[in-house]
Amino acid sequence: MAAQHDMVSKFGAAAIVVMLMLVVPNSGSGEDAGHDKDQLAPMSSEAEFGFSLPIVHGRPPAPGMDDEKFVTPFRIYEDVVYLAEMEIGERQQKQYLLIDTGSSLVWTQCDECPHCHIGDVPPYGRSQSRTFQEVSCGDDDDNDKEEAIASYCPAKPPGYITLCVNGRCMFKALYNLTGQGETVQGYMSMDTFHFIDDRRFDYQAKFRMVFGCAHQENIVLTAVKECTGILGLGMGDASFLRQTGITKFSYCAPPRMPGYSYRRDSWLRFGSHAQISGKKVPLVMRWGKYYLPLTAITYTYNELMSPVPIIAYKSQEDYLHMMVDTGTSLLSLPTSLHDDLIKEMEAIIKSKNMMEGATRWPRHCYKRTMDEVKDITVTLSFDGGLDIELFTSALFVKTETINGPAVCLAVNRVDDSSKAILGMFAQTNINVGYDLLSREISMDPIRCA
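Numbers -30 to -1, 1 to 419, taken from mature numbering (1 follows the signal peptide of the UniProt record, and there is no 0), label the letters of the sequence shown in order.
Treat the hints as calculated values from the structure; they're not laboratory data. Wrong hints could be hidden among the right ones.
Have a look at the derived ranges for each label pair, beta carbon to beta carbon [what the hints assert, rightly or not]:
{"#": "1", "residue 1": "K313", "residue 2": "Y283", "range": "30 to 40 Å"}
{"#": "2", "residue 1": "D414", "residue 2": "P279", "range": "41 to 51 Å"}
{"#": "3", "residue 1": "G355", "residue 2": "D385", "range": "22 to 32 Å"}
{"#": "4", "residue 1": "E359", "residue 2": "E316", "range": "13 to 23 Å"}
{"#": "5", "residue 1": "D90", "residue 2": "Q186", "range": "18 to 28 Å"}
With a Cα cut of at most 27 Å, we get these calculated DSSO-like pairs of lysine-lysine [unchecked claim]:
{"#": "6", "residue 1": "K176", "residue 2": "K195"}
{"#": "7", "residue 1": "K322", "residue 2": "K249"}
{"#": "8", "residue 1": "K218", "residue 2": "K195"}
{"#": "9", "residue 1": "K337", "residue 2": "K320"}
{"#": "10", "residue 1": "K344", "residue 2": "K313"}
{"#": "11", "residue 1": "K337", "residue 2": "K322"}
{"#": "12", "residue 1": "K176", "residue 2": "K218"}
We treat Cβ as the ideally placed atom computed from N, Cα and C, and that holds for glycine.
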């Protein structure tokens, strides 16, 4: 996501759509307060059953239900946004939440939200559910009451803040999807979340959940007409995983298919439904988020070209820890690595950068077609021997200008030399499995739809 302004004058209307739909790092990240509470809650009786949520990108057959499993729908919309489908409350009102491992708060739009962007899916109607209740809290100077509700109205969780106002637990979530800062606010509430695949009614699980009932938001994400909120899959306070005690989950994200408007399905799997396969990488947890040790980056143009090293770290102490973030679209690299990679690519692309001088993404766009850059490959190597090869759809975004087709590099630059993010483009067609007890992430390149 980039600020429009000067960039719009250089691109046609189609380019503006690309800018609006991409979720640019740092998703789900507000100010990272120190937060090492990465221990899971005891698994609830409901969580003993695996379950899966459809994603949408084709419709692979789901496994049969048994007393150890459950599944949920996982959908891709607007070509780049991955949503999980669920139902909330007594009347089981359907909601679609962005799948976000880069944040921990679960929230959705609620009724009586005059400052919300309302799309095709109605906000959650609190008054229609007799099982709804707001989380109450004590006065700020009542230490006993504050301690009692700390797990639901925490003082300083990363990415959002809470405040006890007249006995009601207000939250304000901080995001940085466009680089300009965005907020969502409302009240911490409780209701029953139902996970049901409407194509297979025997797939179900339900949890009594604490979540944010949003009454005001200015977040670009909800411009996606089906999206109503965010499913925080991090390990911070009040996250879905910490509330349910689930220790394993997996997803397989279908690739982007520009020009296709239909929804495509896959599955977000929890518990014993989780598919843990492929090479295992040590998982580092920081501030409720997931990081993988990056050991090297290499670049190739075609099969005849020897791989060009962009960086190769010599020891574990030097490894760059890359955050795994499903709420972010782009790959993000520190400035030095980003610039070195750009230099190698531009030597092959041989086209003037149309975004020279831009301060936010997209910084590099070229008058080329996707077919003309199809031989460019970037390989990310991780501790444990895992190599992720990034091809055209993970590295470039196609757009149109008044002068014809163009491609923009789907790699973002971050100023922090210790920061890198593995966004969703780089995770497509890979089964990604999280084993939180073993502190490992498994990645298995497969066809996801």
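Against the structure, test the hints numbered earlier, and report the numbers of the ones violated in rising order. 1, 2, 7 and 8
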